[in-house]
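Engineer: Protein chains in written order, with the numbering used here: chain A, 1009 to 1285; chain B, 695 to 787.
Simulated from the structure, these hints should not be mistaken for lab results.
Predicted model, so just to flag it, every value in this text is computed and none were measured.
Worth double-checking, as some hints may not be accurate.
Sample of chain B residues facing chain A (criterion: CB under 7 Å; computed from the structure) [to be verified]:
id, residue
1, Gln-736
2, Glu-737
3, Glu-745
We treat Cβ as the ideally placed atom computed from N, Cα and C, and that holds for glycine.
One-letter residues, chain by chain:
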Amino acid sequence: MTLSTSFEGDPESCWRTAERLDSLAAAVEDARGFVATQATSSSDDFAGWSAEAYRLSAGRLHGKAQHCGSACRELAVALAAFGTSLDRVRLALRRTRDLARRHLVVEGEEILRPGPYADDGQRRTFALVEETLHLARQVEHQAHHDWQAALAEHAGTAPVPVVAPLPGATPPPPAAAAPPAPPLPDPGEPVRPDPVDPPPPPDPPDAADQGAPPMAAVVAAAGATAAGVLTRPPRARRPVDLTLVAPTDDDWSPATSPTTPVPPAIPIPWEVPDGPR
Amino acid sequence: MFTVNPRALRHASRDLIRHGLDVDDRLQVPLPDTGRSGCATQEGLERVLAETTAVADGLRHLGDALDVFVTTSSGVDGGVGGALDRLLPGATS
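Next comes chain A alone, as it looks inside the complex (with noise of 0.2 Å):
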């Protein structure tokens, strides 16, 4: 399973077609206010049959004008929240990608799940990631309905089908409520462990976890690695068995004396080191 981080859309076109509607919506409110005084002109100047039909005229002009301005208004403005939610939801998952690729393995805009021998570091940023993704996604997800509630609403488009929420999506807010603003991670801060999550109780120790490093290491290297630094715990010492016993007649090593100095402990070659995973 991935975490897809594609975008859609440029916000700045957004902002340039909403800038050049409310240009538009200027000019057809001028045009609407002259006409409106064209309707309700004195008769000083003009009068007759053709005064009334031009004032009819006018008015009926002054009655679109006044529809088609308004629309062009409320759209450039509905035009303008949606860039600026679509700019929201880019700025959170460039971030989140950023994040993900310091931690986490990304293909293109694809972040991958951590497999089996992650840390805890790395699940925990993986966590972190994958929600900050749902609520950048919930963010798009209403800019798009409400932007296109406003099409349906002021251009006579089709009305906004009542789709189901993304799951885990809370109700709605008010349509005068702003939407909430995704959460944007910041690449230079490091992952906190999550204070809710205790960390695990000790084993008891057993033959198995003689060689296990003490909880308190596990947890400071966890701290680490989760701060931002990919480290393992430290490795405790195996005990070494010291005591010296007499060679006997098949041993073929040379006889060595009580005095005779130990050599330090040897690492098991065999043993495969640690490295990234």
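Given chain A, put chain B in place with the hints provided.
Structural biologist: Coordinates of chain B only, in the frame set by chain A:
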């Protein structure tokens, strides 16, 4: 009896045409890239711009008609109530 102030009406006709041209000049609105809302965006903007184009045309036509009416009425004494009807069909209905 009717009253016509040619100077005021010519001024009004010029303003109507100017407003129509001004709206017409700002009708060049680029289509934004709205991702998966692209189809709805194109349809909605085309509708709004079509209506606005009709308003701009109406402004210019009304200004032209008023200018023609003033030009015509200056040489006609009365009975020009139907002149605007010929220029703007259905205007008096």
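Engineer: Confirm or reject each hint.
Structural biologist: Tested hints:
1. Gln-736: At about 10 Å, which exceeds the 7 Å cut-off, the nearest Cβ of chain A leaves the hint on B:Gln-736 violated.
2. Glu-737: 5 Å, holds
3. Glu-745: 5 Å, holds
Violated hint: 1 only; the structure is consistent with all others.
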